[in-house]
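Asks: Chain by chain, the residues run as shown.
2 protein chains.
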Amino acid sequence: MTQRFLKVAAIQHACTHDRDKNLANTIQGIRSAAKQGAKLVVLQELHTSLYFCQTQNPNLFDLAEPIPGPTTDQLSTIADELNVVITASIFERRAAGLYHNTAVVLDTTKGIVGLYRKMHIPDDPGFHEKYYFTPGDPGFRPINTTIGRLGVQVCWDQWFPESARLMTLAGAELLVYPTAIGWDPADTHEEQQRQLDAWLTIQRAHAIANGIPVISCNRSGFEADSSGNTQGIQFWGNSFIAGSQGEIIKTAPADQCAVLIAKINLSRTEQVRRIWPYLRDRRIDAYNGLSSRYLD
Amino acid sequence: MTQRFLKVAAIQHACTHDRDKNLANTIQGIRSAAKQGAKLVVLQELHTSLYFCQTQNPNLFDLAEPIPGPTTDQLSTIADELNVVITASIFERRAAGLYHNTAVVLDTTKGIVGLYRKMHIPDDPGFHEKYYFTPGDPGFRPINTTIGRLGVQVCWDQWFPESARLMTLAGAELLVYPTAIGWDPADTHEEQQRQLDAWLTIQRAHAIANGIPVISCNRSGFEADSSGNTQGIQFWGNSFIAGSQGEIIKTAPADQCAVLIAKINLSRTEQVRRIWPYLRDRRIDAYNGLSSRYLD
Numbered sequence: 001m002t003q004r005f006l007k008v009a010a011i012q013h014a015c016t017h018d019r020d021k022n023l024a025n026t027i028q029g030i031r032s033a034a035k036q037g038a039k040l041v042v043l044q045e046l047h048t049s050l051y052f053c054q055t056q057n058p059n060l061f062d063l064a065e066p067i068p069g070p071t072t073d074q075l076s077t078i079a080d081e082l083n084v085v086i087t088a089s090i091f092e093r094r095a096a097g098l099y100h101n102t103a104v105v106l107d108t109t110k111g112i113v114g115l116y117r118k119m120h121i122p123d124d125p126g127f128h129e130k131y132y133f134t135p136g137d138p139g140f141r142p143i144n145t146t147i148g149r150l151g152v153q154v155c156w157d158q159w160f161p162e163s164a165r166l167m168t169l170a171g172a173e174l175l176v177y178p179t180a181i182g183w184d185p186a187d188t189h190e191e192q193q194r195q196l197d198a199w200l201t202i203q204r205a206h207a208i209a210n211g212i213p214v215i216s217c218n219r220s221g222f223e224a225d226s227s228g229n230t231q232g233i234q235f236w237g238n239s240f241i242a243g244s245q246g247e248i249i250k251t252a253p254a255d256q257c258a259v260l261i262a263k264i265n266l267s268r269t270e271q272v273r274r275i276w277p278y279l280r281d282r283r284i285d286a287y288n289g290l291s292s293r294y295l296d
Numbered sequence: 001m002t003q004r005f006l007k008v009a010a011i012q013h014a015c016t017h018d019r020d021k022n023l024a025n026t027i028q029g030i031r032s033a034a035k036q037g038a039k040l041v042v043l044q045e046l047h048t049s050l051y052f053c054q055t056q057n058p059n060l061f062d063l064a065e066p067i068p069g070p071t072t073d074q075l076s077t078i079a080d081e082l083n084v085v086i087t088a089s090i091f092e093r094r095a096a097g098l099y100h101n102t103a104v105v106l107d108t109t110k111g112i113v114g115l116y117r118k119m120h121i122p123d124d125p126g127f128h129e130k131y132y133f134t135p136g137d138p139g140f141r142p143i144n145t146t147i148g149r150l151g152v153q154v155c156w157d158q159w160f161p162e163s164a165r166l167m168t169l170a171g172a173e174l175l176v177y178p179t180a181i182g183w184d185p186a187d188t189h190e191e192q193q194r195q196l197d198a199w200l201t202i203q204r205a206h207a208i209a210n211g212i213p214v215i216s217c218n219r220s221g222f223e224a225d226s227s228g229n230t231q232g233i234q235f236w237g238n239s240f241i242a243g244s245q246g247e248i249i250k251t252a253p254a255d256q257c258a259v260l261i262a263k264i265n266l267s268r269t270e271q272v273r274r275i276w277p278y279l280r281d282r283r284i285d286a287y288n289g290l291s292s293r294y295l296d
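One line per chain: the protein sequences are G and S, in this order. Under the working numbering, the letters of the first sequence match residues 1 to 296, in that order. Under the working numbering, the letters of the second sequence match residues 1 to 296, in that order.
In case anyone wonders, no lab produced these hints; they're calculated from the structure. There's no promise every hint is true.
To be verified - In silico SDA-like links for lysine to any residue, alpha-carbon gap of 25 Å or less: (1) S:K130 x G:K7; (2) G:K130 x S:R273; (3) S:K130 x G:D285; (4) S:K263 x G:Q193; (5) G:K130 x S:I275; (6) G:K7 x S:E191; (7) S:K250 x G:Q192; (8) S:K7 x G:E190; (9) S:K263 x G:R194; (10) G:K7 x G:R141; (11) S:K250 x G:K130; (12) G:K250 x S:I248; (13) G:K250 x S:E190; (14) G:K250 x S:I78; (15) S:K7 x G:R194; (16) G:K250 x S:K130; (17) G:K263 x S:Q193; (18) S:K250 x G:E191; (19) G:K130 x S:D285; (20) G:K130 x S:A286; (21) G:K263 x S:D197; (22) G:K130 x S:E270; (23) G:K7 x S:E65; (24) G:K263 x S:R194.
Unchecked claim - Stretch-level coverage of chain S by chain G, calculated; a stretch enters the list once three of its residues show a Cβ under 8 Å from a Cβ in chain G: (25) 109-121; (26) 128-141; (27) 151-161; (28) 191-198; (29) 227-238.
Note that the structure is predicted; figures quoted are calculated from it, not measured. Ideal placement from N, C-alpha and C gives every residue a C-beta, glycine not left out.
Just chain G, with the same shape it has in the complex (with noise of 0.2 Å):
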């Protein structure tokens, strides 16, 4: 069998309050993985901001920005320069009051040939998700690119098997999650230590059930609470890149940037699911219930 093999990178960093300088941090980084010789670089969420959601502001809708826009812009021209691939994360604003929560992919000289709008929005103490973000409409449908077809979702889809699996079912030969996720500094650190590592074994369960490779990145750094009702998050970064088995190839730091790299097999997926054909058996007579909201 002919192995096929993707050098990927994910960009990890702290961010500020001023767009540009975040940016620029960014295409620092992209430039960085791309002299590496990285063909997919994949971008945090949010990550021309800070993560603004941690209070309900209307005057924060500025943020947002149409696609294509100036970000999708400055993002082509260095993803045509450079010849990768870039999943970039946008506050996209689509019409006056319908906002999203937006992961673009931008080909090399192909410019946005798809986008994805996060599907499951979560609304928590410190994440107002459900304030800014419609829920995505696209459903949960791979893009294709000239390195492989990616199936890009969004944070908090990371904790849902159902998308995985569904991203897996339209042909996905990779998972991507760009995030923002990060303690609470009133938690313990066990509890904190519980978070992060729930956060890595479910992704890394993605890959396993469905025998893709998995690049999750998140961002670094703390964000006051502008409210003072929390006392903030601590980005808890560890950006990871994961195998078709779930293993772990490559892992970030918890407080400190970094342009993570790894070289993935992707012909790996042939021979795990050779060897643990999950597809060959799901009971797909049974699973109706997965549309419910609850069986009782």
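Please build the complex by placing chain S on the supplied structure of chain G, with the hints as guidance.
Replies: Chain S in isolation, oriented as in the chain G frame:
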């Protein structure tokens, strides 16, 4: 919030050709677990026999028994005597030519309170289960017991997030996996470790995705392949008990018998689901594809 604790046990051991000796081993483990206060005792898959599916042999259907039958009778008596709930694993003869891989729940004084017939059936070199076991038909229904609502599945099921989710939606308070999984001695050490790690990871992920504890009970010991087609199976033990954030509470060794006991906190489900409320945010409007074989 009132805390609700439950002491649970998994009985891991090697098996021989001698049914009575295997069952005596199991019962010794149950007695030990009960003495230490366990209220739920989980037995490994097909605990009365060798893992006979390494070869296809029509005579081996002689190992099957009805439910109720000799093994459930014997274990019912023990459950009654020790005032415990036992999940047993039976090669079930349901009718001539109709056999199942079945988990049975025996509840204190009540005898059999429910059964689960393995739904996902593997079939691979050394694991000829599609030959022996008809796919289960009762679907993924938890079983009510005096100590809680058990989401009992069997072995290969443990790789499918779909069934863990369906058990959860139907009200399961914990997931139980009797299993028989091991290493192919022909594999490299690295491959063996990746497989074990994948097995632990995906089951822990079911706990995480659903906010409920997991008990997984595997056999230990080497069993030869009488057909000589493979190098046999080194069952990898590693039975474990994980809490509702997927955190490992206790693990058994790879190569020894073990009466694994842990106290789990069932009230944690309420707490972790308030922090990470996946059931609130599932996109049931977009999950229809899960009932498809493939979305091409």
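Asks: Now look at each hint and say whether the structure bears it out.
Replies: Status of the hints after comparison with the structure:
With a CA separation close to 39 Å, the supplied pair S:K130 and G:K7 exceeds the 25 Å bound. Distance restraint check for G:K130 and S:R273: the Cα-Cα separation of roughly 18 Å lies within the 25 Å cut-off, and the hinted pair is therefore satisfied. The suggested pairing of S:K130 with G:D285 holds, with an alpha-carbon distance near 17 Å, which does not exceed 25 Å. Note on S:K263 and G:Q193: the hinted pairing holds, with a Cα-Cα distance of about 20 Å set against a maximum of 25 Å.
The hinted pair formed by G:K130 and S:I275 meets the criterion: a straight-line CA distance of about 15 Å does not exceed 25 Å. Proximity of G:K7 to S:E191 is assessed by CA-CA distance (about 22 Å); at most 25 Å being required, the pair is judged to hold. The suggested pairing of S:K250 with G:Q192 holds, with an alpha-carbon distance near 20 Å, which does not exceed 25 Å. Under the criterion of a C-alpha separation no larger than 25 Å, the hint pairing S:K7 with G:E190 is consistent with the structure, at around 22 Å.
Simply put, S:K263 and G:R194 have alpha-carbon atoms about 18 Å apart, close enough for the 25 Å limit, and the pair holds. A hinted pair counts as satisfied when its Cα atoms are at most 25 Å apart, and G:K7 with G:R141 qualifies at roughly 23 Å. The hinted pair formed by S:K250 and G:K130 fails the criterion: a straight-line CA distance of about 38 Å is larger than 25 Å. The hinted pair formed by G:K250 and S:I248 meets the criterion: a straight-line CA distance of about 23 Å does not exceed 25 Å.
With a C-alpha separation of about 16 Å, the suggested pairing of G:K250 with S:E190 holds against the 25 Å cut-off. Taken as a hint, the G:K250 and S:I78 pair is broken in the structure, with Cα atoms around 50 Å apart against an allowance of 25 Å. Annotation: proposed proximity of S:K7 to G:R194 holds, straight-line Cα distance about 21 Å (limit 25 Å). Using a Cα cut-off of 25 Å, the hinted pair G:K250 and S:K130 is violated, with the two alpha carbons roughly 38 Å apart.
About 20 Å separates the Cα atoms of G:K263 and S:Q193, which keeps this hinted pair within 25 Å; it holds. Pair hint S:K250 plus G:E191 holds up; C-alpha atoms about 18 Å apart against a cutoff of 25 Å. At roughly 17 Å between alpha-carbon atoms, G:K130 and S:D285 fall within 25 Å of each other, so this suggested pair holds. Distance check on the hinted pair: G:K130 and S:A286 sit about 18 Å apart at the alpha-carbon level, within 25 Å; holds.
Taken as a hint, the G:K263 and S:D197 pair is honoured in the structure, with Cα atoms around 21 Å apart against an allowance of 25 Å. Taking the CA atoms of G:K130 and S:E270, the gap is about 22 Å. The hint holds against a cut of 25 Å. For the hint linking G:K7 to S:E65, the alpha-carbon distance of about 54 Å lies beyond 25 Å, and the restraint is violated. Under the criterion of a C-alpha separation no larger than 25 Å, the hint pairing G:K263 with S:R194 is consistent with the structure, at around 18 Å.
With 3 residues having a beta carbon nearer than 8 Å to a beta carbon of chain G, the stretch 109-121 of chain S meets the requirement of three or more and the stated coverage holds. Evaluation of the coverage hint for the stretch 128-141 of chain S: fulfilled, as 3 residues show C-beta separations to chain G shorter than 8 Å, against a requirement of three. Counting residues of the stretch 151-161 of chain S whose beta-carbon sits less than 8 Å from any beta-carbon of chain G gives 4, enough to reach three: the coverage restraint holds. Given as covered by chain G, the stretch 191-198 of chain S passes the check, having 4 residues with a CB less than 8 Å from a CB of that chain where 3 are the minimum.
Counting residues of the stretch 227-238 of chain S whose beta carbon lies closer than 8 Å to any beta carbon of chain G gives 0, which falls short of the minimum of three for the stated coverage.
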